[in-house]
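Colleague: Counting with the UniProt record's numbering, you get residues 1 to 309 for the letters of the sequence shown.
Treat the hints as calculated values from the structure; they're not laboratory data. Don't take each hint at face value.
No farther apart than 20 Å at their CA atoms in a straight line, the calculated lysine to aspartate or glutamate pairs in the EDC-like style are these [unchecked claim]:
{"#": "1", "residue 1": "Lys9", "residue 2": "Glu143"}
{"#": "2", "residue 1": "Lys72", "residue 2": "Glu181"}
{"#": "3", "residue 1": "Lys32", "residue 2": "Asp81"}
{"#": "4", "residue 1": "Lys252", "residue 2": "Asp164"}
{"#": "5", "residue 1": "Lys180", "residue 2": "Asp242"}
{"#": "6", "residue 1": "Lys87", "residue 2": "Glu143"}
{"#": "7", "residue 1": "Lys72", "residue 2": "Glu83"}
{"#": "8", "residue 1": "Lys234", "residue 2": "Asp192"}
{"#": "9", "residue 1": "Lys74", "residue 2": "Glu38"}
{"#": "10", "residue 1": "Lys87", "residue 2": "Asp164"}
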Amino acid sequence: MTWEEARKKCNSEQSELASIWNPYIESFLWLKVLKYEEPVWIGLTSNTNGESYTWINNRRLMYTNWAPEEPKHKIACVFMDLEGHWKTGTCNETYLFICEQHHGAFPTEAPQLPGKCPPPPENDGRTWVPFQAHCYKFYPAWEAWWQAAFRCSYFGGTLASIADLAELDFLLEYTRQFNKENFWIGLFKNIDGEWMWKDKTQVGFVNWRGEEPAFNPQAFRGQKCIAMNSNDGKWLVTDCRDRMSFICKTPKINDKTTKAPTNSTVQEDVSASTHGKYLKVVLPVIFILIGAGITACIFYRRRRSSRQL
1 MTWEEARKKC NSEQSELASI WNPYIESFLW LKVLKYEEPV WIGLTSNTNG ESYTWINNRR
61 LMYTNWAPEE PKHKIACVFM DLEGHWKTGT CNETYLFICE QHHGAFPTEA PQLPGKCPPP
121 PENDGRTWVP FQAHCYKFYP AWEAWWQAAF RCSYFGGTLA SIADLAELDF LLEYTRQFNK
181 ENFWIGLFKN IDGEWMWKDK TQVGFVNWRG EEPAFNPQAF RGQKCIAMNS NDGKWLVTDC
241 RDRMSFICKT PKINDKTTKA PTNSTVQEDV SASTHGKYLK VVLPVIFILI GAGITACIFY
301 RRRRSSRQL
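All chains should be built: construct the whole structure from the sequences, respecting the hints.
Modeller: Laid out in structure tokens, this is it:
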């Protein structure tokens with residue numbers, strides 16, 4: 001089936017094309033791919049400009065397993081190949097597909113604090129993304145550090161500071177979608193040799209790659225700034241003139257009417273289908289490891305009408 005046909009079939013069974021949140025889910029589903037020896041559609045799709053990918057159940061992209069040279073931008077749909085890697089494909093290609101259905105409460109994201117993000121300016125199509133008490137913009141365009149800092153300031157923010165591991169993980173979820181290696185963040189060393197964030201918050205968390213730069217005087221010959229690697233989140237000392245992508249950050253606008261997110265629930269069972277053109281295999285409920293039971297199913301069209309379940 002095509003990607004859209006596969007999604008409609010899942011929806012008709014009160015389920016959705018599968019999302020893959022961690023290696024445990026992926027390994028389990030890959031075994032099914034190997035069994036049927038064909039690629040399968042998954043529930044990952046890109047936005048209209050093809051620059052970022054999200055799960056169709058609206059969860060953020062927290063884990064990826066792209067094949068080399070993937071994703072190919074401006075190709076909207078994603079499938080898992082026989083090696084377990086994710087590849088982009090035109091949505092009218094035909095593959096098998098995997099559906100999932102959640103049992104009980106859907107896992108929640110980190111709680112959002114009150115407030116809302118500013119509206120984007122007319123000359124900037126990128127929206128602010130909320131996380132806890134702040135909002136963020138991710139720019140894949142390449143700029144020198146001070147040019148990136150100016151653009152953030154122009155749009156009402158600063159180059160991003162990172163206060164803790166939770167914030168770092170959030171940033172990684174988004175930067176991994178852009179297929180860019182490094183992103184400027186707002187950390188720099190002032191003329192007194194002190195580490196500072198551009199937004200003037202205290203430096204209480206660091207995530208250096210390898211040896212901390214303070215022990216490497218050679219790293220600071222000339223003007224140096226800090227970038228975050230989008231694969232592992234490690235911080236790198238690099239020349240401020242280097243051109244790379246960047247992250248902007250701004251506080252939320254206070255809004256007393258903002259409500260905290262709530263859990264959502266879904267139907268508990270998927271009824272077995274007797275339709276003769278596909279096979280459904282109900283998978284064990286092993287995803288309790290991530291806080292929610294999931295019943296997954298894999299469909300494929302029979303090659304011969306005489307094939308029996």
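Colleague: So, for every hint listed, does it hold in this structure?
Modeller: Hint-by-hint comparison with the structure:
Our distance criterion of 20 Å between C-alpha atoms is broken by Lys9 and Glu143, whose separation comes to about 45 Å. Proximity of Lys72 to Glu181 is assessed by CA-CA distance (about 15 Å); at most 20 Å being required, the pair is judged to hold. About 11 Å separates the Cα atoms of Lys32 and Asp81, which keeps this hinted pair within 20 Å; it holds. This hinted pair checks out: Lys252 and Asp164 have alpha carbons roughly 18 Å apart, not beyond 20 Å.
Restraint check: the Cα-Cα separation between Lys180 and Asp242 comes to about 14 Å, which is no more than 20 Å; the hinted pair holds. Among the hinted pairs, Lys87 with Glu143 is inconsistent with the structure: their alpha-carbon atoms are about 29 Å apart, more than 20 Å. With a C-alpha separation of about 18 Å, the suggested pairing of Lys72 with Glu83 holds against the 20 Å cut-off. Pair hint Lys234 plus Asp192 does not hold up; C-alpha atoms about 24 Å apart against a cutoff of 20 Å.
Between Lys74 and Glu38, the direct Cα distance comes to roughly 24 Å. Violation of the 20 Å bound is thereby established for this hinted pair. With a CA separation close to 32 Å, the supplied pair Lys87 and Asp164 exceeds the 20 Å bound.
Violated hints, listed in ascending order, are 1, 6, 8, 9 and 10; each of the other numbered hints is respected by the structure.
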